[in-house]
Amino acid sequence: MAVVLSAALVGLEWAHWRDADSATRRFRRATDQITTTLTRGLGATVYLNRVDGLLDGRTDLNAADLAHIVGSLPGNGVVEAVAVAQVRGDGVVIATPFPTDTTVFPAGVDLAALGEYRRAFDLARDGGDATAAEPRTGALPGPPAALVAYPEFGAGPMPQTTEERRARLTGFLIAAVTPQPVVESSLAPETLKTTAVTIADGDFVFYRSPAASSPHRAVVVRSVAVGGRTWTVTAWAGRGAVPSRPSDVVFGGALALLAASVLALGIVLRRAAAAATAREAARAEEVRLIADAGPLLQQSLDLGELLPDFAVSLAAQFDLDRLGVTVVNEAGQPVETFAIGPALPAGRPLPEIRGAVGVMPPGTDFVIPLQRTGRSVGALRARARRPLDDGELRSLRAVADLLAAALGNAQLYSREQETVRRLRDLDRLKLSFLSTVSHELRTAVAAIEGFGSLLVEHWPTLSDEQRREFIDRIARNASSLKRLVDDLLDFARLERHALSVSPRLVSLSELVQQTVEQLASLLEQHHLTLDIKPEVRAFTDPDAVERILGNFLSNAAKYSPPGTTITITVAPAGSRALVSVSDEGPGIPAEERTRVFTRFYRSETEATHRTRGAGIGLAVVKEFADRLNASVAVESAEGGGARFVALFPTEPTPGVEPEMLGRGVPDLVE
Amino acid sequence: MGSRPETGVLIVDDEEDMRALLRSTIEIANEGLKVAGEAVDGEDALTQWREKRPKIIVLDQRMPGATGLEVAERILAEHPEQTIILFSAYLDPDILDRAARLGIRACMSKREISRVPEALWKYAPES
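Just so you know, the sequences run in chain order A and B. Under the working numbering, the first residue of the first sequence is numbered 1, with each subsequent residue one higher. Under the working numbering, the first residue of the second sequence is numbered 1, with each subsequent residue one higher.
If we strip away everything but chain A, and leave its shape as in the complex, we get (with noise of 0.2 Å):
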């Protein structure tokens, strides 16, 4: 508007200016005509020279004479009027003037005696030329003129000195010259209404129009030689005569107004172009950020490697100062995957992102819902350091469906890897835990095929302590034979999940005293304690609590020192009845604990390497723990041996209690 303004005002003004300049051009034309036809009528002078020829340097010319002699004279009045004067004495005084009326010159005044024309006389007579008179108001009656004095200096050829010339001077022409009637001759009265004329001798001025009281515009000065001095014709427009040039004060407001205007548009226009071009860049770079990003997200199958530097890409593009992302579990809980900036305070529910929003405000937190197939895989929060626009958040969102979509294929990625891992792994434990039956069945067949032929071979050189030793290792390998046989049935059970079990009331008490006695022939080479506590009951089956048993027992006696002591204990545990056995040997590492149960799981030490096992027994005791509700571990006994743990239920109640995982019983393993 500024800018409108105010060159609205410097076009009124530069018009102005231009017609003010094109009148002033106009009218400097016209004065110039003007001081041409006024010089030229004042030069009209010339003429004298021609009078003062004719006049042969006489001076004794009676009127009539004179009138012939100054007929040529130019009759615009220049020359006001002529007169012969003659020397006398001291004086110069006038004889014949002419015309005969005039005032200008009345006969017998003597010029000389006014002081003013003395001097003009003196140079004039000395120098033989033509001199005007100093220019003096009033010195001649009638309106301001000015005297030319052409001396005359009688018969015979010019005098050539100055000696010469005092000596024969006889009389002076005169004429009173004035410009005035030159002018009104020459310029209509219209003309001098509109035009500024004067005529002057230095700072004498003969002649002034009307209207030169007017400011000098389109001026023109001319000067014209009058009677040996100079006169100045100046001529300029009057007052109203050409339009007024604006002030150069307005004009050069209006300019630097309008400057200013243009400068402070150029500047607005600059910042706008600056705005809409850093916009265009943002907009393409949140472009090229969803376009890189998605082949990335769409490929990528660890987000964990991914997530951090696109969290940062992202956080850049929208200058965010949080942004966070959650991720929904298998468990279908929120897990905070990733974030960056300060905390989000808990609690607190955020505006979630979905549809149009128009702009979200700088410093408020806002959720970005990852959403596949209509499942909700995780959220995108975010807090930003400046307003986002609608298209900024439709971005973002682009963005988030992107992110969603890789969550979706990393978890299922994830997913299948660890099924392949798990079946890696139970494909290598197979192949152990067949290879190591295997061996095993080769031993112990091999041991009582061996005692076996050497008995039948040499039955009758064998002494009675060689038979009693081969046969008892036949037995002990027989036995040997029959745990491994149960571990590959069990193994094949294990495979089908065809375990069963009946549970039922026993006393737990008895029963594992009996188990015990059952197993003596494992526990030879140790010291056994008994902590039964009498009257335990629980809800459970008796045959899978012999195996169990039979394994806590068999793994202390394979793992613990001959000559150690391994304890076993049988308790009330709250709503529940414990069963445990606990070793001198050297334990089983922390991180070990819950392997042990898992199917073939052989621990790397070197006591199990000493040691035979197919790494079964323990899974099945798992499997059957399972099948009764009942629970099993395995930790750290005072001594640093292995203490393995059995809870069973005592009523026939579904589930674990789960304030059964406290002080004093293990971490249970499910």
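Where hints are given, some of them may not hold.
Stated by the list, open to error - Across the chosen pairs, the derived CB separations fall in these ranges:
1. Asp626/A / Trp121/B: 39 to 47 Å
2. Ser500/A / Lys122/B: 49 to 57 Å
3. Leu530/A / Glu112/B: 14 to 22 Å
4. Glu418/A / Lys122/B: 53 to 61 Å
5. Pro125/B / Leu530/A: 53 to 61 Å
6. Arg111/B / Glu418/A: 41 to 49 Å
7. Leu431/A / Glu112/B: 20 to 28 Å
8. Glu16/B / Leu412/A: 47 to 55 Å
9. Arg53/B / Arg493/A: 19 to 27 Å
Worth flagging that the hints you see were computed from the coordinates, not collected in a lab. All of these numbers come straight from a predicted model, not from anything done at the bench. No residue lacks a Cβ here, since even glycine has one placed at the ideal position from N, Cα and C.
Let chain A serve as the given structure and place chain B on it in line with the hints.
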């Protein structure tokens, strides 16, 4: 054969029953065979071999720690003339091939335990 000098045998097996079976078989066969020592694993075998310098080593393949083939490799590297019989519960072609390349004299299955004395006489070094 009875005039042959006594042949010392080092038994290497992690299974106590197998060591006892081999010892009994060798002792019952008698005939110039003598159990010079029993080792429970590779390291034990190397120690006893250096100490007792048996003429023959009966070596189990599958043991905790170093396998029989690995033990044989170390022994033969030190003493290429050492007679070693690999005694294993199972012998696959790969084991037989590696044993032959190492310079092991014979490989026997644990099922053939009654033929061990025969093999010992056969492979016993003359000197």
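Hints, one by one, checked against the model:
Judged by the Cβ atoms, the range 39 to 47 Å given for Asp626/A and Trp121/B is violated: they are separated by roughly 57 Å. Ser500/A and Lys122/B have their C-beta atoms about 55 Å apart, which keeps the hinted 49 to 57 Å range intact. Range check, Leu530/A to Glu112/B: about 46 Å between beta-carbon atoms, so the 14 to 22 Å window is missed. At roughly 56 Å, the beta carbons of Glu418/A and Lys122/B sit within the given window of 53 to 61 Å.
As the Cβ distance of Pro125/B to Leu530/A is approximately 57 Å, the hint placing it in 53 to 61 Å holds. Under the hint 41 to 49 Å, the C-beta atoms of Arg111/B and Glu418/A, about 43 Å apart, fit the expected range. At roughly 27 Å, the beta carbons of Leu431/A and Glu112/B sit within the given window of 20 to 28 Å. One distance hint, 47 to 55 Å for the beta-carbon pair Glu16/B and Leu412/A, holds here, with the actual separation near 52 Å.
Arg53/B and Arg493/A have their C-beta atoms about 52 Å apart, which leaves the hinted 19 to 27 Å range violated.
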